[in-house]
Structure formats: structure tokens, C-alpha cells
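Enquirer: So you can see what is in the structure, the chains are spelled out below.
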Amino acid sequence: MLVFVIFAPLLAGIAGALISSRLKSRTLSVTMTVLSVAVLGASMAVALAPYLELRWMFLHLPGYRVPFGFAAGTLPGWMAMLTALVNVLAQFYSLGYFARDSRQGYFQSVLLAFTGSMLLTVFASNLFTQFVGWEFMGIGSYLLVGYFRTQDNARYAASKAMLVTRIGDVFFLLAVIWSVSHGQTTITEINHHGAPFVAWALVVAVAAKSAQGPNISWLLDAMAGPTPASALIHAATMVAAGPYLLIRYFPVLSHSPGVLPALIIIGGATAVAAGVGAVGSQEAKRLLAFSTVSQLGMMVLAVGLGFPQVAWTLLVAHAFYKALLFFVTGVASHRAQSGLLSRLKATLGGFEFSVLFMVGALGVSGLPPTGGFLAKEALFHISQGSLFHMILDYTLSFVGGAYAARLVKSLAGKSRAPLAPISAWMLMPAVLLSLLVILNFIWHPWVTLPAISLLSAWPSILLVVSGGVAGILWNKPFRVFSGGLFTVSWKILYGLERMMMTIDSALSEGVWATRLAAGWMTGLVHLGGSGRARRYVLISGAALALFIIWNIRL
Amino acid sequence: MMAWLALGLECVVMMTLELIPVKGAMSRWILAGGIVLLMILFPVAGVLPHLYERVMYAAPVRVIYQELVLATGLGLTGILSKDGSPVSSTLLMLTLAGGVVAVSANSWLVLFLGIETLNIGLYGLVGHTSRQRTGDEALVKFFILGSVFTAFEVAGIALIGGSQGTLQILASRVPNPALIAGLCLMLAALLFKMGSFPFHLWAPDTYEGSPWQATTVIATLPKIVAGSVIIRLVATGTFVVIPHLKEVLEIVALGTMVIGALGAWRQPRLKRMLAYAAISQVGFVILPLSSGHIGAAGVYLVSYTLGSIAVFSSAQALAGQDNPTRLDLVGALATKSRGAAVALILALAGFAGFPLTVGMAAKLYSVEAVMREPAIIWLGAVLVTGFTFFYYFRWIFPFFAAGDMKIPKAPGFGVLAISQISALLIVVLGIWSYPMIWLTQNLTL
Amino acid sequence: MLALLIVPCLFMIILPRIPATWLKPAFVTMALADLLLALGALAPGNVIHVAWWPQLGLNLSLGVTPYNQPLLWLNALVLLSSAWTANRGNAWSPLSKGSIFWLTVAYVGVSLAFLSQNVLLYFVGFEMAVLPFFLLVRKDGGENRRVAAFYFLGFSAVAGMMLLAAVLTLVVHHVTGFHANHPVSVPVQFVVYLLLLATWAIKTPLWPFHLWLPKTHGEASTPASMYLSGVALKVAPYGFLLFSGILPAARHQASPFLAVWGGITLLAGSLLALGQRDLKQTVAQSSIASMGYVMIALSLGTRAGDQAAVLVMVGHGLASPLLFWIAGQVQKIQHSRQLDDLPGLYRKDPLLVTFLTAAAFAYMGIPGLALFPGEFGVILVALKHAPLTLYLIAPAIVIMAATWLRILARARFGGTETDGSFDSLSAVRQESWSGLWLSVPLVLVGLIPEWWIHLWRWGGLR
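Protein chains in written order, with the working numbering: chain A, 1 to 554; chain B, 1 to 445; chain C, 1 to 462.
Chain A with its partners taken away, still in its complex shape:
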């Protein structure tokens, strides 16, 4: 069962993507959808099953063992279920979203393969295996973000996403190398004996993959991809893999000096900055991307504060409401044929807006009755005792309310004209997710949270509401994170490369100079060899005389 869950989506997805041009697109997409459902079922079965383990050797060099390893447990089980669920919903959604697209089958295959690589990372029982899944996810995101191949921004975004995450991957690779060369081939071993180096490398890797710190801009640009892909990337794979990894490796992070404070700084700063950025954005998907980064920052913050359980709660809650928001906003932009907030006004029907969208908005801003509220409260709970952390939390609540309100404000309104009908495939996932967001208010997988009373939560609710008011009033767009850092890095790289090319051409000149010198000498020889007999006799005679004198004298 474990083998099926890990490899079936990956292999089927890759195979589907490869043969997509030879198959009827719809057939393929339906196959992928059915497979996704099967994977969801199987992952449930795995979560219920007793402990399962899988292990074989990938590479064995003298003195080094590099095994592949998988183990099912509670946390992986839940995470896998979450991933599989969001995947199924995204597959459903694409059935409607791409209904008239000839590359639907290809898209859904890649989506499934992408999920498969996330599952690989989720179930992996050692760092190396996680790295493999992590890399596959990078490729998957590259293919998904770059789906619209004729669009320049998709091309740019896909390359940038791959490149920025690649920087993190190098650090991940170094962590893997370190652990393998020290014979630590399971997560437990790394957690017990891992060096600070591994912890730091993981932090960098996660920061790149989860768009933390200076790496935000790739995720913002990645909005060039299709909506279902964005939903999957933001909710339960790729970027969510970062916090998941931090949760799995929490022991080694907490052993290593300086890592947790660093996480607080990275997570907190990113969360606030991205929240502010969300308020200023003009596009729905960009706003959502900012909000994702902000929420991911909060997860990192929670880990940094020493409470991976809280991060996990937030991860699950975020998965539900962010996927929901993407799906619903996707419907709106589908109708408006645009992603600009100013064009989205009154593009949702009554039910869609009031039930589906509002639930998501409540969740993202952290208001009851949603899982988001609980997760945020848990964050408040663990921050108590430190003024700085409390201020951070309050800022986040305020900003969260602001951008949620801004989104709500843009979408609100009743349309005069009848709205274009939307496929049931596109609505059904949203309905399911809104139920889950509510359900999440009373049920949390894996962790038990501290009891939170609604009454004691008044400061945060107040802040959210005031933030909401501010968000409604604020109208001026502004930009945070223009991606300038990336451009500058590229310029530096380009300069280095120019330098190497210059050295190269100088070397070429050197070779040419050698050749010229040889040619000159050749000319000399040719000159000596074409003349009169008199000269030949003279030269020969002189040489002979020298020869004799040299030998007789000594």
C-alpha cells in the first residue's frame, strides 16, 4: 500500500505526461482523476495501518551508504492525506477549468506526478529520500508554473522558481551529504546526532523552497501558472513541504544553537512584510501569494518559538482555506477573464460569495468559526510572555485582517447581468473545502491544542476587525519585493561569466601568438633553405669549422 501511495502517482504522472501527445486528452485527465482518488484512499489506508517501512540501497560506495527509505507514521500519514486530498480537489477543479484545453491530460498528469513527489518527501524516512522528492517537486513546479508556454511571464516565472529553489536545493544537498557521510541514514539518527551544519543548511533550503526571507519573489511570480496548480503548490505541496520539513527535524533544529531565534526572525519578518505586501497588491492571485508567504512565515515563526505542533495546526488550516480561496478566486477570474482586483467586482454568485468565499476569508484572517482562528490563537498562546512576540502576533493579525478585507471588498457586489455558468467540477471542491475549514474549527489532526476560550481571544479579534476596516479604507496600491535582488544576482552572474569569456579569448590570443611565433620560425627555416649554392657551402663550412674547433680545443 505504501509503495502504491508513493510510486503510483509519480510513475503514472510521468508516464501520462510523456504519452500525453499520443492519447486523447480527456481520457488521460479522467484516468488521472480516478488515480488521484485511489491515491487518496490508499493514503487513508496507510494512515490507518500499523507502522510500515520500506528500505533499499540506492548507491553504495566504499565507506558510504546511500539508502532509500520510507516509513509511514502518524504525521506522515496525516500530511499524505492532506496532500492527496488537495490533489484530488485540484484534479476535480481542473476537469472543469481546462475542459476545452487540448493539454488537459498533460496538465493533470504533471499535477499527479507533482503530488507523487510530495508524497515521496512526506513518507521518506531519511534526508536523502526527502531530497529526491524535493527535487522532483522542483521540476514539477517548473512544469506547472510554465504551463502556459506562449506567455512570457510564465516562462520567466517558471525559470525563476526553479532557479531560486535550486539555490536552496544546494544547501539541502549539502545537508544530505553531511548526514550520509556521517552514516546517519534515518530521520531519528539525524535528529539525535545531527550537526548544527545540517540544521542551518535545512533552514536555508526551507527558506528558498517556502519563499521565506529574500526568496519571496519567485512565489509571487509563480502565479503565472494555472489556478489548480497554484492551489496545490500553495496549500499542500512544495511550499508547505518547508514547514513540514522543519516540523520533522525540530529536534535537531532545537539542539543547534541560534537556529530557533533565526527562524523567529526569518519567519516573523517575512510574515509581516508579506502581509503588508498583500495589502498593496492589485492582483487577486498575487494577493493570495503574499498571504501564503505570510502564513508560511507564521508557521516558521511557530517552529522558531519551539512549538512545531502549532506550526502543524497552522499548516493544516492554511491548506484548507488557501486552497478554498484559490478555487473560488479562480472561478471569479475565470468569469472576469482577468486577475486584476479591480475587474473582479461582482463576479461571484450569492452562494459562492457568501458561503464559500467568506469562509475562506474568515479563515485567512483568523476569525471564528474556522481552523484559522484556532491556529492563530495557538500562536498567541505560545507567544505569551514575550512582548516582542506578542507585538509581532498582533501586527500579523492586523495585517491579515487588512488584506482579507481588501480581497472581500474587491469581490463583493451583486452582478446586474446573469453570471456565466460554471462547471460543477469547479464548485464542488470549494464546497468540500469550506466544510473542512469549518470542521477544522473543532477537529485537528495529530495534535491537541491548548484550550482556547473565545472570550479571551477578544484582542486578536478586535485587531483583525480593525485591520479589516483599515484594509477596506486603504486603496492605494504599492509594491513590496520587486524581485530586484534576483535581477541583481543575475547581473552579477552575468558579469562573472563575461569575465570568464574575456579570459578565454585572451587565452585564445595566446595560442594564436604561439602559432604565429612558430610560423615566423618556419619562415626563417624556409628562408635558409632557399638560396644559392654559395650560401649553402658557406653555412655548411662554417658549421663544420665550429664543429672541429669545438672538439679539438678540449
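Keep in mind the hints are simulated off the structure, nothing from the lab.
There could be a bad hint or two in this list.
In the DSSO-like style, the derived pairs of lysine-lysine whose C-alpha atoms are separated by at most 27 Å in a straight line are [claimed, not checked]:
1. Lys97/C / Lys336/B
2. Lys24/C / Lys97/C
3. Lys348/C / Lys24/A
4. Lys345/A / Lys414/A
5. Lys345/A / Lys409/A
6. Lys409/A / Lys476/A
7. Lys97/C / Lys348/C
8. Lys345/A / Lys476/A
9. Lys24/C / Lys336/B
Predicted model, so just to flag it, every value in this text is computed and none were measured.
Chains B and C: place on chain A using the hints.
Expert: Then chains B and C, alone, in the frame of chain A:
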């Protein structure tokens, strides 16, 4: 004794044939038959009475040199062109007789005699086959330089004879200025015959001016003879009294290689390129001699002979009387004289030391012989070897380029046969190592 | 084992008699036969020893070892795929008797070098590949092939002669085999090592002795490029591996210096690859980077390092011919290899772009493709023995990714949905299936390296 008589008789026969009108082909067949007979006779009946030991070399190793010279002569028989008169056959026979005498001389005077006979034959050949002004120029240059060095020889023999009291070739160990000067003069004369630096200047002009047949003879026979004589003299220790013999030989070898290689590079005409290439090759014969490695020099000499016969005969087959540029050779593989083109490729590859040719083994022998010397010697040698690739490969290339080539005239049977056989031998001896190993073992005895 | 050499030799002998229409089938059959022979008949431990030129120290001693076995397999496979690529009437992938003949000669030489257990025999094999490639480069290909051939020949000649000097020094000191039983004295070791280093630096190539490689590849025809980079490039690093065994002291001394040099090569190669505007040049420069990995691994002198190096060689031997083949196909489709002409390629030949993507990912070091196990191994070993190189490797990985993403961003994107039909390309598209020859092994080696290692019996080495 029989062999020597036969040698003289063969010369007389060839000369007599001039008096009665006989076809060129017939005279060449007679010449070839005679050479074959001589080759059989020299090993079995080449021993001279005891009396002659003062003038003729008696050690069994002489047979190797004699056979080498005769075999080269046999090869050259095929080279003489179809329309050549019987005169060229006679001249070749004279050259050959001189060569055989020279390599088996045990007296400086006999050596002189042999070399001069050889020279006369060569002058005759060049002059006889010359059809143009450049040919005459070639002859004049060759003749003048040759005469000058003949004079050196005479002087050298006089000095040696005077200081030794005898004209016998001896391994003298008394350093006497007159003796040293005489030996130096003789060595220089021999090096001149081999066309090595710094006495190489005549070679390119002479090669280029003479027609292919004469060029082939000049490029092979005198070098074989002089090379054999030098090898023999070094082996018997005749030159040991020269104080800087080692250094001299090293300088000469390296200089020859470098000058030849540089000169051959970027030569537009095939013949001049080959002239310089031949100069460069000679350096590798002299190189092992500097460290007294007789076997290596012998192997290289044999390989050089084979290679140059193959190169010149196949070039003649391809070019007729012309001196082609590289462009003229483009597409030669697609013409009727494909065989000659393949032979030329193989021969050039052999000269370059391409694996599985005898040239490679010979180069390895030659360089390996000096590996214990200072680094500059062997490094210089290997670097020159690398440099030679430039011109050899540069000349191999046109054969594979696309194009159509016009063969001036269908090559003669003899030329074609010789080029094929020698090219085949280059490969066979490159793979079948026994003959060369036998040679190295027996030369050093 | 001898049949491996005899089959191509027989083929060369009958080559002039083969009619033109049967040329390609015959060539492919020969390559296939050799591949099957290599796969079926080679087992580590096979040894042949025949006295050839004993006085020279040159004997025909051949042997299959766990290290050369994968390279021999690769050799036959790459020859097969190059043979498959050759086509009549195209300057970039010519099919003439001359080209086939010289490619076969090169193949025999390379096989000889891989099989040799004698220092001089290795040199013979090494040298045998020089003339063929000179002619192949000089004969077919781009406009500047004259200069390219000149560069190739010049650098190869110097390298070959340094090798000759080194080998002869060894022979003079009575070392003819690759067994470390009687190592020569330390000063001699250093002399030999220095000479060999010059050889490897040029032929591997290491920066800054790499100039000939991009020039040669830029102008060479597709099959020649494929074979040259796929296998012939591995002769030098394999030689490094062989010779290092008999020069333990020198190797030990040079190790840190060489590791850093390898790292510099890696970084320089990646940067240079990034700077190219031509697809084929990019591949060529990336090869330099890959050779940097090989050199790092080999310099360390550990068994793990050696094995990782062979793994990189195998991976690179699969990926780079594939990319050169792709460059050849791109040339056919777009009549240009400039990166700026790539956009919209996916529309003209989707299959080709799939292969390009796979190969590019392989170069980027994505798991599951053949370069990853080797590069992973190299970094693994480097961390323990030469941690300094990690500072060079890490940026190189990112730069390599940038290089290939830049190409993919053009090949996979662009164009418009309404572009016309490409019926005229159907012949070229049909050819694209031949990318499977190399891409299937590319994936297989990447996915299950352990299985291959088991086949090559690396476990029971020495």
C-alpha cells in the same frame, strides 16, 4: 667472393646493355633480377678471403647492411619510370654498387671509393632525368655541395691516415688533434649524405628540382648508406676519440628534427614538404646514436627507408611528373589510383608514427633510447614528434575531402607495385614485431 | 574480449566493398554486434597477455576490470547511437566511407586504451584516436573547422607527447603494467606525474587548457561530436585513474592541489557554459564542468572517489552525446543552433524537446538521471577529503542550473498557438525517436545505480 664478383659483373652487364639497343623495361627487369641474385649471394657467398680484411669489413653484421642497401635498390628499380632509358638502370646499378662497397668497407679509402661511386651514380641520375631548368639547378647545387664534401672527405682521410699510420677503420683511443679533425670531417661528410642539420641546406632545393624518380633515389639510397656507415662506425667505437661526440650528435639530431619539422610545416608543395619531412626523420636515426643505442637507430633507418620508398613512389604514382599542392590531391581516393593514395596515407601515417605502423615502433625505440639523458633531449624529441603531426595530418586530410581529381597519367606498374608493397610492409612490420626485434638484437652483436 | 577489437577491424577491411546503400545498416550492425559483445562477453578478470614488442615494453596485455567495463559498454553504446545518427547528404551528420572508417578507427583506439593493462599500449590507444578526430573535424562541419581542427590537433599533439614522455620514463624504469608492485622512486614519480598532469589537463580538459574542446565541438559534425564527448573524452580521466595507481606518492602529494583545480574547472566550465549563445557550445562547455567533477573525485585517491568518478563519466557519457545529438537535430529543424532561435521548438518537435529537457535536467543534477549518482558521490567524497572544493561546487551547481534553464526557457516556451503546420519536418521528427538509445540508459543508470554497480562488481574490488 662470388657475391663481389657478381656485383662487379652486374655493373658491367648493365653498361654493356647500353651499347645494344634494349628497352628500358627489359633493362629494369635484368637489373631487378641481378639485384635479387646479389641478395641471395651476399649472405651465402659474401665472405672474402682473409687477405681482404684490411679493406673489407668481415663481421657478420655487414650482411645486414648489404642486404638493406640491396633491398632498397630493388625497391628503387620499380621507381624508374616507364619511359626511362636503360641509362637510368645503369646509373642506379652504379649507385647501388657504390653503396654496397661503402657499407662493407673496412678502410677509409674504400669507404671513400664507395661513396664517390654512389655520388657519381646520383649525379648522373639527377642530370639524366632532368627536363627543366629547376632540374639543372638542383643538379648544380647537389653537385657543388657534394664536391665540397668530397673534398672534406679527402682531407679527413688524409688526416686520419696520417695520424693513424694506416687507412684501416680502427677504434682508436689516442686523442690526437689531427685524428679528431679527420674523424670530424668524415662524420660531417656522412651527416651531409644523410641530409642532416646543419648540412641539410641542399636537400629541399635538390628534391624539388629533380623529377620524382631521382628524388626517390636521393632520398633513400645515400641516406641508407650513410646511416648504415654511421651506425656501424658508432657501434665499433671509431668516433669515440671525438671529445664532444655525444653532445654533437644530440645537437645534430635535435637540430635536424626541429629544422625539418618547421620547414615541412605549411609547405604548399608536396615535394618540398617531403624533403623537409625526410630531414626531420633523419634526426630520429641520429638521436639514439648519441646514447650509443645501435638497435634503435637501425630500426629507425629501416622504417625510414620503407616509409620514404612508399611515400615517394606513391606520390609519383599520384602526381606523375608534377609537384602537387594539397588541393591537387583532393578526392584522390575516388580515382583509379586509389591504391597509391592509400599507400601515401599509410606512409605519411607511418612517418608520423601512427599506431600499428612500423613508424610508431621506430619512434618509440628512438625516443626510448634517450630517456635516460637530460630532459631537454627527450622532451624536445617528443615535442617535435607532436609537431610533425601538423604537416603529416595536414597532408593526409585532402584525400578525405570531397572533390574530383584528375590523374595526369596512369602510373606505371612498377611504381604502383612498389608503393603498395612498401605500404603493406609498413603495416605488417608495425604489427608483426619479430623482424625488427631480430634486427635490434643482431645489430648490437 | 579480443572479438571486441576484431569485429571493427574486420568491418574496416570490408568497408571499401560495401555498397553505398548498405553503409548505414552495416555500420549500425557492427556497432550493435560490438555492444552485444561488450554486454555479453566481458567480465571483470578476463585477461589476455601476448608479447608484442617486449624490448620496447609494449605488450598486448588487455584486461577487463570493474572500472573499464562500464566504460566499454558506454563506448559501444555511444558508437551505436552515433552510427544511428549518421545520414547521407548533410554536412552536419555525414555518412561517407571516410567518416565511418575514421570513426571506427577511433573506436578501436579508445577500446584499446580502455582495455590496456600496459602503459605503452594505453598510449597507443590514446594516440590512435587523434588522427581520426582531426580528420573528422577537419572534414565535415561548420565554417571554422580549419581552426577547430588546428586547435584539436595542437592540443592533442602536446598532450599525447607528454603522455609518451611519461610512459617512456616509466618503461625505462621497468614499469610496464598498472600494478603497484614495484613503484618507481619518488623523484621519478614526480617527474612522471607532472608530465601526466599536463596530458590530463589538456585532454580531460581542465581549465585553462580547455580551449580546444568548445572550438572542436562547435565545428565538428554531430556523430563526431557525440563520440568525441561521449567516450573519447573519458580516455584521459580513465588514464588518470590507471596511472595514479602506480604513482601513489605523487598522487598523495598532488591531491589537494588537484581537487581545487578540479573545482575551479567545474566553476569555470559552468560560467563559460552560461556565457555561450550557441547550443552546441553550451554543451561543450558543460562537459568541461562535468570533467571538473571527475577530476575532483579522482584527485582524492580513495576507492569511493574513483568509483564516483567512473559514475560521473558514465553519466556524462550518456548525457552529453544525447545533447550533441539534440543540437544536431535542432540544427536540422531551425538551421541554426543559436539560443535566440530556439523559441517555439517544442511546437516543431515535442519529442526532441522532451529529450532536451531530460538531458538538461541530467546536467543540472536532478535525481533519477544518470549524472546524479556520480555527482552525489563526488560531493560526498569531497566533503570528507577536500571540503574546500565545496565552496566551488556549490555555486557551480546553481550556475549550471541557470545555464540549462536559460536553454529550456527558450526551447520549451515561445511561439504562438496558431503557428502553422510542420509537415516538412516529419522526417526529422521521425528521427527523433533515436534519442531513446541514450535516454533510456540515462534514466536507468540514474534510477538504479546500485544495480549497475552490482553488475560491474565494484563490491569485490581489489
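Enquirer: So, for every hint listed, does it hold in this structure?
Expert: Tested hints:
Annotation: proposed proximity of Lys97/C to Lys336/B holds, straight-line Cα distance about 17 Å (limit 27 Å). Restraint check for Lys24/C and Lys97/C: satisfied, since their Cα atoms lie roughly 10 Å apart, inside the 27 Å limit. With a CA separation close to 20 Å, the supplied pair Lys348/C and Lys24/A stays within the 27 Å bound. This hinted pair checks out: Lys345/A and Lys414/A have alpha carbons roughly 8 Å apart, not beyond 27 Å.
Taking the CA atoms of Lys345/A and Lys409/A, the gap is near 8 Å; set against the 27 Å cutoff, the hint holds. For the given pair, Lys409/A sits about 14 Å from Lys476/A by alpha-carbon distance, which is consistent with the 27 Å threshold. With a C-alpha separation of about 32 Å, the suggested pairing of Lys97/C with Lys348/C is violated against the 27 Å cut-off. Under the criterion of a C-alpha separation no larger than 27 Å, the hint pairing Lys345/A with Lys476/A is consistent with the structure, at around 17 Å.
Taking the CA atoms of Lys24/C and Lys336/B, the gap is near 25 Å; set against the 27 Å cutoff, the hint holds.
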